[in-house]
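Colleague: Please put together the full structure from these sequences, using the hints given.
Residue numbers (our numbering), protein chains in the order written: chain A, 1 to 294; chain B, 295 to 568.
Source of the hints: derived by calculation from the structure; they are not laboratory data. Here the structure is a predicted model, which is why all the values come from computation and not from measurement. Some hints could be false.
What the hints assert, rightly or not - Computed cross-link-like contacts, DSS-like style, restricted to lysine-lysine with a CA-CA straight-line distance of at most 25 Å:
hint : chain 1 : residue 1 : chain 2 : residue 2
1    : A       : Lys175    : B       : Lys436
2    : A       : Lys64     : A       : Lys16
3    : A       : Lys175    : A       : Lys25
4    : A       : Lys235    : A       : Lys175
5    : A       : Lys155    : A       : Lys175
6    : A       : Lys155    : B       : Lys436
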Amino acid sequence: MNAPTYNFAYLDEQTKRMIRRAILKAIAIPGYQVPFASREMPMPYGWGTGGVQVTAAILGPIDKLKVIDQGSDDTTNAISIRKFFEKTAGVAVTTSTGDATVIQTRHRIPEAMLQAHQVLVYQVPIPEPLRFLEPRETETRRMHALAEYGLMHVKLYEDIARFGHIATSYAYPVKVNARYVMDPSPTPKFDNPKMDNCAALQLFGAGREKRIYAIPPYTSVVSLDFEDHPFEPYKHKACCALCNAEDSYLDEIVTDNKGSRMFVCSDTDYCETRQSQGHRGSENAAPYAESANA
Amino acid sequence: MLDVTVNSIEMNTRSSASAEPLLVAANLGKSYGRLAACRDVSFGLYSGEVLAIVGESGSGKSTLLQMLSAQLAPTSGRVSYRMRDGVTRDLATMGEAERRFLFRTDWGFVHQDPAMGLRMAVSAGANVGERLMAVGQNHYGKIRDTATSWLERVEISPERIDDAPRTYSGGMRQRLQIARNLVTEPRLVFMDEPTGGLDVSVQARLLDMMRTLVSELGLSAIVVTHDLAVARLLSHRVMVMQGGRVIETGLTDQVLDDPREPYTQLLVSSILPA
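Modeller: Here's what the structure looks like:
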C-alpha cells in the first residue's frame, strides 16, 4: 500500500489545492495558459512533470489510472508513471481505455471514444504555440490577450510556400472555443479532430514552463488552416499489420536493414482489443498458418 | 494644403472635413527626469502630405517619432489622429488593442534597420502577407498574389518570394520592409532614417521608388532623417529640431534654400557639394 512517508498521490495537500485552483481557472477560460507554481518532481523535466502534477491533483482513491506514452501502455515512461501512482496513491491501474477514469498521455489521444466520466491529462513540453515565431514571452502573452493570431497563419503560409501543403504534422495549432489559439502538445494532427466537442475533460500540464490549460467537455476545437488549403489529418496509407485496423494512427516500424517495415497501431490497447476480438493483420495470421510454414 | 505652419492645430475647428489634419500633435513633450528629450512640439499633418523631421543625433527626432506613432507615452501634450471613419481621436485614450490594430492597418512604420521591421527567418511572401493574415485574410492563393504584386511594385523579382530576407541585400530588405508596410494600404507611414546605411546609388533608387509610391497612393508620411537630401527629395514640409525643440519649420525648399535659424544655416551649409 501507500509508502508511509508520502501524502496521498505524492504531493502535499496545499500544493494540490494550488494546482486545482489553476485547473479550475483553466477550465473557466478554455485554451488560456494559467501560470502555476510547478514543483520539483522525482523525475526529470521532459518526462511528464506537468502531467504528473495535474494527475496527482485530480486523483482520488476510487479512480482508475491509465498512462500512455506515444499511445503505448508498456513504454518506460508510461510504466514508470503508472508505478509511481500505484506506489504513492495506491489507486487501481488499468491499460484499458474504457475502464480508466483518469488517462495521462504523452503524444496521443486514445482511439476509443472518450466518455464524460473520464479525464485526459496531457504532458506538455512547450505550451506556447507562438514560441518559435515570437520568442518574447511578454509579447506572446499580449498577443493572446488581444487575440492577435495572424502570426500563426504565417507559419502555415511558410509550410505551403516551402512544401506545397501544410507540413506541420504534430503540435498543430488549434483555436479553442473561438478565442484562444492553443498548442495541443506534440500530438499528431491525426488526433486534432478528437479534441473537438469531446465528452471528456482535457487538461494540459507543462511542468518546466509552469503552465496549465484545459479544454472543458463539449468545447469547439478548430484546427487552423487556409480556405484553399484546408486542414487534413495525416495518416500512413496502410492498415495495422497486427489487427488490420484502417482507422487508427499507425507507427512505422523498421524490421531489418533492407528497408522492410511494418505499420502497427500506436494505441496498443486499441490494437490488443481488436486482436482479442479476432481481427488479424498481415503479420499476425492465425497460428496454424505459421506451423504450415515451418 | 501645404502652406500650413505650426499654428495649424487651430484649423481643427474648421467645418470642412477635408481641411482637418490627419494627425495633430499638441504641445508634445517627453522628459526623462530632468532630461527633456523633446519639448513643446506642435504641428498638424494633412492628408497626402510628407513631413520631414531633420536634426542632428540626439536632437529628439526619434523620440518624437515614437510618440507620434503611439509607441512611447508623452510626458505632456497629446497626439490625435483622424480615423478612417472621420472621427479624430486622442491616441492616449485609445485601448491597446485599438492602437495595435491601427498600427498594423492604417499606419506603417519603416525602421532604419530592416531586421527590426521584418521577420528575418520567414520568407518574403510571408513577411508581406503577415498584415493581411493579421486582419483575417484566410486564402493562401490570394495572399500570395497580393504579395507577388507588391514585390513587383517595390522592384523585387517575384522569383524571390520564397527566400528569407536574410538572403537579401540591404536595399532589397528596405524595399521589402516598405512593401510589408504598404500592403494594407495605410494612410500614414512613419519612417525612421529609411535610407540610413545604404550606399548612394541604392539610396537614390529607394528614394525614387518611395516618391512614386507616396504620390500614387496619396500617402501621408513623417520621415525622420539627418540627410537633408532625403528631406529635399521626399518631403513637402520640414521641421528642424535641436535640443528637443522645433527651431524652424516651413516648406522644404524655403527652409533649405533660405534657412532662418543659425543652426539650420549650419546644417544646410554642412552638405558636401556633389
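Colleague: None of the hints should be skipped; say for each whether it holds.
Modeller: Evaluated hints:
1. Taken as a hint, the A/Lys175 and B/Lys436 pair is honoured in the structure, with Cα atoms around 23 Å apart against an allowance of 25 Å.
2. Taken as a hint, the A/Lys64 and A/Lys16 pair is honoured in the structure, with Cα atoms around 19 Å apart against an allowance of 25 Å.
3. With a CA separation close to 18 Å, the supplied pair A/Lys175 and A/Lys25 stays within the 25 Å bound.
4. A hinted pair counts as satisfied when its Cα atoms are at most 25 Å apart, and A/Lys235 with A/Lys175 qualifies at roughly 22 Å.
5. The straight-line distance between the Cα atoms of A/Lys155 and A/Lys175 is roughly 15 Å, inside the 25 Å bound, and the hint therefore holds.
6. With a C-alpha separation of about 17 Å, the suggested pairing of A/Lys155 with B/Lys436 holds against the 25 Å cut-off.
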